[in-house]
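Bring the two chains, given one by one in their own frames, into a single complex with the hints.
As you go down the protein sequences, you meet chains A and B in turn. When the letters of the first sequence are read in order and numbered with the numbering used here, they come out as residues 86 to 178. When the letters of the second sequence are read in order and numbered with the numbering used here, they come out as residues 98 to 291.
Think of the hints as simulated: they come from the structure by calculation, not from any bench. Please read all numbers here as calculations on a predicted model, not as lab measurements. A portion of the hints provided could be inaccurate.
[What the hints assert, rightly or not] Pairs of lysine to aspartate or glutamate, DMTMM-like flavour, derived with a Cα cap of 25 angstroms: (1) B:Lys260 with B:Glu247; (2) B:Lys260 with A:Glu90; (3) B:Lys260 with B:Glu275; (4) B:Lys260 with A:Glu94; (5) B:Lys260 with B:Glu222; (6) B:Lys260 with A:Glu91; (7) B:Lys260 with B:Glu272; (8) B:Lys260 with B:Glu230.
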Amino acid sequence: MAFSEEQIEGWLQRVLIPVEPSPQFVNRLRGRLVHVRGERGANLWTLVVVGVGLMLIMAAWMGLALRLILALIGVIGVYSHRRAERLPSRAAR
Amino acid sequence: MTDVPDLELVRRAATEPEAFGLLYERHVRRIYNYIYYRTGDHHDAEDLTARVFQRALRHVGAFQDMGVPFSAWLYRIALNLVANWHRDRSRRPVVPLEDHTVLTPGSQHPESLAMAREVGEDLLELVRRLPEERQQLLILKFAERLSNAEIGQIMGRTEGAIKSLYHRTLGSLREEVERMQAEGRGAGLEDREG
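Extracted from the complex, chain B is given alone in its bound form (with noise of 0.2 angstroms):
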């Protein structure tokens, strides 16, 4: 059952409890990468991953083949969960540089561990200081490694807007790198320069 589609698996979850846990094995570690990210703390990650899949149990039967992939609609539900949090808090997430390193199997490396905290907290600081769409779509860009098009389809957007949105964040994120120097701060960035 494995290697069901997730189309499948959505028409039988409905009825089969089995099913919809299949779903939740392929896509919990994606939805709660990508709260992390938005939210900062990993007890709010968990607290909203879980409310994503609750949703989504609750819908699934409603869940319409409609071009959109299924990840698509969970990661709507996420997006619609942050923000709602964010709301609630009104205030901008906080990363916190020392779990987020500790928590990453990609940066075991002590050279890469060093590189991620030296260079981390003067970008992850420009990155929280970005409108919430731009911050939504550079962590489903990089962390989530999804496509344009993938994200384009989340977002809600077309696979032009998204490439257009990246490349107009790059700019701005350009330019708050190079102010941040003009300032003396950012001597993270610096150091790494090409």
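Isolated chain A (complex conformation) (with noise of 0.2 angstroms):
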């Protein structure tokens, strides 16, 4: 039995019907894609403080360092001057 492509056209016509997924299940993804979108924002937000943060602590830490050393660069000066006094009045006895 011969068919014409246009028979077959009609068939697929009726058979291949659009489907539409379920009301809930848009409704759902809508929710999580906007979901991400809103985590990513306040992931980048996290990033961006934790950052800035750690930049101020390396800032306040360095400062602490650096004045830490200026004492100890003092208080042997103060000590090696001390000792350089002593000696020439050792000397002198």
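Listed below in structure tokens is the structure:
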């Protein structure tokens, strides 16, 4: 039995009909996509805050370290100065 | 904002969640429809549709207007994901006709419902046996109601190539129907002749 292309097309039109997703699925996925986008935004801000915080902590730590080094150098300087003062007086005796 | 063209929304979507939301609303049904016919299962169609839009959301900032519409870009994501899905499963899709007819709003009339069931089973079986690109073409043409030019943009072919592939596909379907009838099967198709 011979069929024409038009007949085949007619059957395909009747069989392959558009199918709709459930409204619950559409809404749920929309919410999830917006949530993902929101989370991404939040993550970016978290990253910025953590980065800035780390930089401040590092700067504060470096300031403290610099002060400690300067204090140590000062103590060493005072000690050396006193020692140098004592040595000529011993020699005079 | 509902009458804003897709490309404008795509440009905004990288920074405005609402713009991507509108793009989603415009295209989710068609993408789902395509995936449903390629997988034959509502749960798989939902899962893959979600993955399509999650991937689109991740890469929407990189979308460039190269003359291909945003919808074609989405379909290409869907095509790739469905191809991977089939590769993973390494089995042919099975469209459950009960679900199919119940969930199609255009077939609520009892007569068209019965017709879809009768003719559909034989024809869908034949469509499922076609090579992947021919199945894609038929689904995009009939279930998605796209023109040859639009299908060409999605499948990366010229309009002429799609037209030619379509006629070859119809020809091979016709041969299959005739073979099926010669073997004494496809009664539903025979009844609907003419």
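Verification of the hints:
1. B:Lys260 with B:Glu247: Measuring from Cα to Cα gives roughly 12 angstroms; hence the hint holds.
2. B:Lys260 with A:Glu90: Satisfied, since the Cα-Cα distance of roughly 13 angstroms is no more than 25 angstroms.
3. B:Lys260 with B:Glu275: holds (23 angstroms)
4. B:Lys260 with A:Glu94: Holds, at roughly 14 angstroms.
5. B:Lys260 with B:Glu222: holds (23 angstroms)
6. B:Lys260 with A:Glu91: holds (15 angstroms)
7. B:Lys260 with B:Glu272: OK: lysine 260 of chain B and glutamate 272 of chain B at ~19 angstroms, within 25 angstroms.
8. B:Lys260 with B:Glu230: OK: lysine 260 of chain B and glutamate 230 of chain B at ~13 angstroms, within 25 angstroms.
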